[in-house]
Amino acid sequence: MTRLFAALGLAAAAAAQSVNVAADAGLTHIFPNGGDESKTWILETTGSGAAWIDYDNDDDLDAFIVSGEGGGNRLYRNDEGRFADVTAAAGLESEGWGQGVCAGDYDNDGYTDFLVTYWGRNRLYRNLAGERFVDVAASAGLLQDRVRYNTGCAFLDYDNDGDLDLFVANYLKFDFETTPRPGDNPYCYYRSIPTACGPRGLPFDCNLLYRNDGEGRFTDVSNESGIAAPARNYSLGVITGDWNGDGRVDIYVACDRTPSLLYINRGDGKFEDEALFRGAALDADGRALSGMGVAAGDYNGDAAVDIFRTNFSDERATLYRNRGAGDFDEATLSAGIGRNTRYVGWGVGFFDVDNDGWKDLLLVNGHVFPEVAGLAADIRYRQRSILYRNRGGRFEDAGEEAGPGVAEPHAARGLALGDYDNDGQVEALINSQNEPPALIRFDGEPKNSWIALKLEGVQSNRSAIGAHIRVTAGGRSQVDSVRSGGSYLSQSDLRLHFGLGQAKSADVEIRWPSGIRRRLTNLAAGMTHRITEAAP
Amino acid sequence: MPAISQVVLPALLVLAAASAQSQSVRPQSIRQGIELFEKGRYTEAEAELEGSSDKRARAFVAMSRAATGRCGQAAGGLRAAFDNFNKKSDPQIRRLAGLALARCRIAEKSFVDALTLLSSLASEFPDDGDVLYETARFHLKAWNGAVERMFDRAPASFRVNQLSAEIFEIRGQFSEAVAEYRRAVEKNPHAINLHYRLGRALLMESHAPEALEAARREFEAEIRLNPSDAVAEYQIARILEVEGEHEAAQERLENAVRLDPDFSEALTALGRALSAQKSWARAVDLLERAAALAPQSESAHYNLMLVYRNAGREAAALEVKKRLDKLQESPDGEFTDFLRRIGELP
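Residue numbers (my numbering), protein chains in the order written: chain V, 48 to 583; chain P, 321 to 666.
Here chain V stands alone, though its shape is the one from the complex (with noise of 0.2 Å):
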């Protein structure tokens, strides 16, 4: 049952030199988002995201790139590195203010579709045998009652039956007409600039959570689920897990200037916000930050699975690690993760950028404000990355030894992780305002060794999403979960890597959202294993 497809040596990065290789491989298109020297809304602030998902089953990853107004979305073909625009053939022209993106297999025919959030209308384009894509939010029941601000959003299988349930954050509730200007009230400043106003002062929205029906199908049950019960909490990104360890999957919800949110499930198809009693709502001084991305790994080697928030300049990035059964401490200094707070983050992910086994972090970043330009603070509208290595559960930041790729200032927004040259190395997407996507590398001596894992499901959802793996190497264990959604507004390569250090080869345990396990041994370093669940 396991296929070997890749066979691509031992790669890695000893000194793991970024770079960003975007404009030769062919991402050079701008994606307008707003105004670049001023916004008069927040709309133009929020967008938007990134994704990697390979949608003609090549195995290589394509990449998605959402727009705001003025733009489109556009979808690459990768073709051997390079990457090619396919956006018409693929039947994606757009427009709009789009914001977020997140895949998975909705219909279980062995394509991986993906939903686009917006403010207005939100796109669910069913994947057509990797040939091209159909808009079918309309016959899949997910049109909307009135204009949402939808912003994060995830696949997830919630009731454990095969296929893939839809959750949805929704940010606030705007429009031009009502919302003041900047200058309008004092949440329209900022350190006395005039700004776009918000989120504090605008009416808040509540979150939503589509079922599957499994026929095309999904039923909004947002209310009778518990998820639009929450009703005081500005929600960004989203990254779902199972943080309890109940077999069923939780979802957590970074939220902006507001207590950010962890829906625990009940598994009678209810939701529980536990996020203030669980720990990981608000910081260790009890303040409510403004939480944008949110990634899940777990940085510590305790196989619990802990989450990392990035906030607001000023700020700090929240660690929370996960005491075992879903409860959770900030770990934020402890974790080595408090010097840096001029930055506002966004995306972000745990990824093994020297597959040493230690999950290290790379947010991207980038300001709200372009008029912070005119200020006389060391705080800018184009902010570089950091890459944290992760040494044995404490963090470093790599500074300038990252590499001019991690150097380079943007007005970061989404950010997608994966290997799209299948080399063993993990690269990141970038959108960020304004700007061509950046495409980061990281180069450096061969050293590591690394396994990569495609699951399939088959009584679980095709796509796998919400499997739980356990790999062991060299007298160390991992863990991960296959994930729609997280990072901000983004979707990172559904496959899983995990960096093995000097072992030759892993055991790998796999508990299926179905709650089949499976149990492989000596699976090979270096390359990446197709593994498909035992049929019922």
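Any given hint might turn out to be false.
Partner residues aside, some chain V positions facing chain P, computed with beta carbon under 7 Å [claimed, not checked]:
| hint | residue |
| --- | --- |
| 1 | R238 |
| 2 | R304 |
| 3 | F324 |
| 4 | G383 |
| 5 | T388 |
| 6 | R389 |
Computed cross-link-like contacts, DMTMM-like style, restricted to lysine to aspartate or glutamate with a CA-CA straight-line distance of at most 25 Å [stated by the list, open to error]:
| hint | chain 1 | residue 1 | chain 2 | residue 2 |
| --- | --- | --- | --- | --- |
| 7 | V | K317 | V | D206 |
| 8 | P | K408 | P | E444 |
| 9 | P | K598 | V | D206 |
| 10 | V | K220 | P | E444 |
Pairwise CB distance ranges, derived in the manner of DEER restraints [claimed, not checked]:
| hint | chain 1 | residue 1 | chain 2 | residue 2 | range |
| --- | --- | --- | --- | --- | --- |
| 11 | P | A474 | V | R279 | 35 to 41 Å |
| 12 | V | T266 | P | D582 | 52 to 58 Å |
| 13 | P | G632 | V | R523 | 29 to 35 Å |
Hints were generated in silico from the structure; no laboratory data involved. In this text the structure is predicted, and so the values were computed from the model without any measurement. The beta-carbon is built from N, C-alpha and C at its ideal position, and this holds for glycine as well.
Let chain V serve as the given structure and place chain P on it in line with the hints.
Relative to chain V, chain P alone:
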């Protein structure tokens, strides 16, 4: 003088009519005079009302004179109106006369009289925008006067630099504030609180990690001058936490709570540090004390809830969560009207 609000005017006119009937004077003239006053036509109002023996008419004559800058002529009438009108039956005339008199006193730099008047008005009309405005204006004038005298009479004093730095801080100009604090320190390196303020401004000026060390040096200097400064100890502890020096941070927090056993923030931070070490009993003790000392502190309650939870005292944790939930409820703010307008609030 600001015009009388539309809400107040009808009541004044009713009062004027009733008063005129009881004293057999020209009610029409008094009504017209008050209307003219309300429209800001003070000279015409004064002419209409002058000569009337009606005490309300005399009050408006005085207010008209004050409004046209003749405080000397107005003062007696304003004082009489303020003293004679009952705050229950004629609160608006008393309020208007009191405000006019206070403005005159401020203009004359009779700050003590002005303060007495404004204090009376503030206790009678605590939510009145005009009274609050005049009070703020009074303090601004007094502040400006004091600053002017300071710059004039003691220009070489380090206090001039300190004050300049504090003003820059308020404006968010932290680099300028740092420069002025440094000048002040240079002039008087032994002044209490200067190093502390400089350290704080350094933290506000820069997000660079190097600023932490620079600020820490200033807090240390403050402690050398004033070994009983618990707040400086606390600031050093927070910097050490960021630097990952957790043991040293804990020592400084211990110092802070020893110096000031009622220092809620330090108690909270120390409780949190002990909780991380699973020293539940002392952590609980400190955090309970912090929450009791600062019943509105979300930080103290949040950490108390977490230490109960981590110590396995779930019921106690849930009790604290209830209090925390209440603390987190947003108060009605200035956007209530906006939210009502767009239908988000009843």
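Going through the hints against the structure:
no., hint, result
1, R238, "holds, 6 Å"
2, R304, "violated, 11 Å"
3, F324, "holds, 6 Å"
4, G383, "holds, 6 Å"
5, T388, "holds, 5 Å"
6, R389, "holds, 3 Å"
7, V:K317 with V:D206, "holds, 10 Å"
8, P:K408 with P:E444, "holds, 10 Å"
9, P:K598 with V:D206, "violated, 37 Å"
10, V:K220 with P:E444, "violated, 41 Å"
11, P:A474 with V:R279: 35 to 41 Å, "violated, 52 Å"
12, V:T266 with P:D582: 52 to 58 Å, "holds, 56 Å"
13, P:G632 with V:R523: 29 to 35 Å, "holds, 30 Å"
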